Amino acid sequence: MSHLIIAPILLPVFTALLIMLPPIHYSPMRRRWVSMISTVILLILTVCLLVQTQNTGVSFYALGAWQPPFGIILVADIFSVSMVCLTAVLALGAICYGSAGEDERGSFFHPLFQFQLMGINGAFLTGDLFNLFVFFEVLLIASYGLLVHAGGKNKTKAAVHYVVLNLTGSAVFLFSLGILYGTLGTLNIADMAVQVAKLPPENVMLVKSGGLLLLIVFALKAAILPLQFWLPATYSAASPPVAALFAVMTKIGTYALLRVYTTIFGEQAGPLAGMASDWLWPLGLATIMLGAIGVLASQDFRKLVANLVIISVGTLVTLVSLQSIAATSAILFYTVHSTLVCGALFLLADVIGAQRGKAGDRLVPGRRMAQPVLLGTMFIIAAIAVAGLPPLSGFVGKLMILQAASSPLQQIFLWSVILLSSLMVLIGLSRAGSILFWRVSGNEAGPERVLPLQTFALVWLLLAAPLMVVFAGPLTELTFAAAEQLRDIQRSIAIILGDTATFGGTP
Amino acid sequence: MESLLAGCIGFLTACGVFLLLRGRTFPVVVGLTMLAYAVNLFLFSSGRLTLQGAAVLGTTDNYADPLPQALVLTAIVIGFAMTAYLVILAIRARADLGNDHVDGKLPGNESSRKESR
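Top to bottom, those sequences are chains W and P. Okay, so the first sequence: first residue is 1 according to our numbering, each after it adds one. Okay, so the second sequence: first residue is 1 according to our numbering, each after it adds one.
Calculated directly from the structure, the hints in this document are not laboratory data. As the structure is a prediction and not an experimental result, all values here were calculated from the model. There could be a bad hint or two in this list.
Derived DSSO-like pairs: lysine-lysine, alpha-carbon spacing no greater than 30 angstroms straight-line [stated by the list, open to error]:
(1) W:Lys208 - W:Lys198
(2) P:Lys105 - W:Lys358
(3) W:Lys153 - P:Lys105
(4) W:Lys358 - W:Lys153
Could you put together the complete structure from these sequences and hints?
The structure is reproduced here in structure tokens:
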């Protein structure tokens with residue numbers, strides 16, 4: 001049993017505790033360095049874990065050596081470890097940006113940031129549904145703290161909505177866990193898949209209601225159509241490094257959707273197989289369109305980026321409903337691309353806003369920027385990537401999405417919605433770019449400059465766009481391997497529960 | 001016993017949802033607390049209702065499922081912490097925004113301003 005699997009959870013906890021100890025807590029520089037170095041170590045560890053998982057296949061870590069299905073387990077497969085890796089890359093960018101000065105505008109930025117990383121990594125790695133709830137709560141309570149970081153009216157207002165909505169979501173989550181435990185007798189995801197397959201007919205409706213309650217919870221976390229109204233206000237109110245880290249939070253919702261509706265209610269689930277697809281398909285497409293309209297209607301750049309996040313969520317959810325290897329592999333590729341680029345855009349919105357003085361990131365003519373060439377180059381790279389134009393990563397991602405639609409009906413809807421939304425994003429971004437960079441008033445540029453750490457953070461995140469095209473071959477191989485592994489439920493169940501537990505066998 | 005517990009959970013949930021939909025932060029906090037109570041009872045009942053059952057296996061034939069008890073304990077702790085945070089946040093919002101409405105502005109204000117124009 002490899003202890004490396006639990007390292008991405010333990011490292012941030014101990015870092016957070018270390019930062020709160022007096023010798024480090026009272027020195028801003030030490031806090032920053034400990035936090036940044038720990039995030040670099042986290043990145044190295046997750047890459048090691050990814051390489052190990054690619055070599056050995058699915059592996060699990062039984063906490064306290066309590067064997068599944070009785071103990072709580074962490075499961076490392078390529079998909080979950082890739083998501084953890086993605087989180088580490090994004091976190092490094094966000095923490096470097098935060099360390100350039102944003103972290104001193106409130107207290108406890110670094111410990112909360114590390115606790116949030118712990119929650120995110122745990123949510124990706126866990127193999128137990130109740131444990132997923134616990135890690136959700138860990139990352140949520142850290143995010144509540146981070147959201148009001150640096151204070152202000154807007155933040156408090158957004159935080160009240162965000163906290164109340166998520167607490168309600170947690171209550172619904174617990175209701176559904178109660179129903180599922182009462183009927184299936186287990187909360188281990190692999191074991192639940194086995195139990196669903198041999199469910200007595202009188203319990204089918206009960207399990208279905210439990211499963212659909214889960215859909216509501218994850219839809220709220222991922223921000224799917226009827227439950228997405230909190231996202232633009234929250235994300236645009238949060239301070240920039242926090243908003244950049246939040247770019248991965250919606251992806252946790254889509255990841256949980258994928259995990260639950262592929263493994264537990266997957267092909268083997270009999271009458272319950274694919275029960276969420278009928279809901280996710282139309283809602284996902286509608287979310288994309290709503291996000292695209294939001295992009296066109298946005299009055300400031302941060303709101304525009306928040307709407308781009310909604311589009312990416314809609315795209316991912318639509319792909320989750322397709323339930324095929326090509327779709328799952330497109331999900332992984334598109335998640336990596338959209339998370340990093342949207343994270344970079346949130347940071348970019350802040351530096352642009354800082355250099356435009358009073359106009360900030362509102363889409364109105366403002367004073368000249370001090371570094372228009374640097375910021376303009378970054379903006380055009382991010383815009384091309386996020387709109388899905390060649391030659392950057394969004395184009396490859398979009399191509400994989402379009403190829404994932406197999407039947408003619410799917411192609412008609414998916415292609416038209418995706419391509420139309422891309423056009424709307426393109427229009428929205430060109431409008432935003434031309435207002436921000438070209439429609440300048442005669443005023444002289446201010447003294448603000450992008451700090452070296454901020455530049456590093458932006459370049460670090462934006463490098464993903466060209467690099468994901470240069471290494472598109474190995475990356476797509478990785479995503480296809482991850483998708484095949486995720487969809488080979490029989491095999492991962494055999495690894496986790498032992499060979500005796502098959503869908504037909506006796507418990 | 002089942003119907004009594006089911007009635008309790010239903011009543012608490014209904015009260016919780018009603019209060020949650022109110023416009024001011026205090027009823028919302030109380031509503032969330034009610035909902036948390038309902039959830040805790042519900043989770044507790046997911047291990048089936050048994051009387052005088054030991055949680056330790058092997059001592060009696062009639063045992064209670066220990067797992068929901070652990071789940072409820074975790075849920076109580078988390079719910080407690082979240083409620084504490086929400087109360088502080090609500091007080092902060094009252095101070096920052098000048099009123100205790102969840103949207104940060106009283107609903108009557110806008111329409112009255114229009115009328116005065």
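How the hints compare with the structure:
no.: 1; hint: W:Lys208 - W:Lys198; in the structure: 14 angstroms, holds
no.: 2; hint: P:Lys105 - W:Lys358; in the structure: 25 angstroms, holds
no.: 3; hint: W:Lys153 - P:Lys105; in the structure: 12 angstroms, holds
no.: 4; hint: W:Lys358 - W:Lys153; in the structure: 18 angstroms, holds
Against the hints set out earlier in the document, no violation occurs for any number.
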